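Chemist: Sequence:
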Amino acid sequence: MKTFKKPPPEELRRRLSERQFKVTQQEGTEPPFDNEFWNEKRHGIYVDVVSGEPLFSSLDKFDSGTGWPSFTKPLEPDNVTT
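First residue of the sequence shown: 13, per our numbering; consecutive thereafter.
Worth flagging that the hints you see were computed from the coordinates, not collected in a lab.
Note that the coordinates shown come from a computational prediction; the quantities given were computed from them, not determined experimentally.
Warning: the hint list may mix true and false statements.
Result set (DSS-like, lysine-lysine): computed pairs, CA atoms no more than 27 Å apart in a straight line [claimed, not checked]:
hint, residue 1, residue 2
1, K53, K85
2, K53, K34
3, K17, K85
4, K34, K18
5, K73, K53
6, K73, K34
7, K17, K34
8, K34, K85
9, K85, K18
10, K73, K85
Distance windows between CB atoms, simulated [unchecked claim]:
hint, residue 1, residue 2, range
11, E30, V59, 16 to 26 Å
12, K34, V59, 11 to 21 Å
13, R26, D75, 33 to 43 Å
14, K34, S82, 33 to 43 Å
15, E23, F74, 29 to 39 Å
16, E30, G64, 32 to 42 Å
Note that CB positions come from ideal geometry on N, CA and C, so glycine has one too.
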């Protein structure tokens with residue numbers, strides 16, 4: 013198994029949008045009902061924007077009414093921490 017090494021902040025600032033950087037690196041929160049994936053209906057895999065690891069399947073997505081995408085389980089439990 014390959015060990016992920018997080019890129020330095022300067023690289024992430026160049027690669028990510030301002031919102032992505034704030035949420036993934038500065039403990040920010042996307043606004044409910046105003047984020048990229050809360051109302052996404054296409055089938056597919058949700059991938060970590062920083063590491064590229066697969067996180068969730070659209071088959072496990074449900075409407076929690078919170079305004080954020082919600083899932084019943086991760087694709088690979090080791091790829092998701094809380």
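Chemist: Decide, hint by hint, whether the structure agrees.
Modeler: Tested hints:
1. K53 with K85: holds, 18 Å
2. K53 with K34: Holds, at about 25 Å.
3. K17 with K85: Since the Cα atoms of K17 and K85 sit roughly 25 Å apart, the hinted pair holds (cutoff 27 Å).
4. K34 with K18: Judged against 27 Å, a Cα distance of about 15 Å means the pair holds.
5. K73 with K53: Judged against 27 Å, a Cα distance of about 9 Å means the pair holds.
6. K73 with K34: holds, 24 Å
7. K17 with K34: holds, 19 Å
8. K34 with K85: Judged against 27 Å, a Cα distance of about 25 Å means the pair holds.
9. K85 with K18: holds, 24 Å
10. K73 with K85: OK: K73 and K85 at ~9 Å, within 27 Å.
11. E30 with V59: 16 to 26 Å: Given about 20 Å between the Cβ atoms, the range holds.
12. K34 with V59: 11 to 21 Å: The hinted range 11 to 21 Å holds for K34 and V59, with Cβ atoms some 19 Å apart.
13. R26 with D75: 33 to 43 Å: Hint holds: Cβ distance 35 Å, inside 33 to 43 Å.
14. K34 with S82: 33 to 43 Å: violated, 21 Å
15. E23 with F74: 29 to 39 Å: Check passed, 34 Å falls within 29 to 39 Å.
16. E30 with G64: 32 to 42 Å: violated, 20 Å
Hints 14 and 16 from the earlier list are contradicted by this structure; the remaining hints agree with it.
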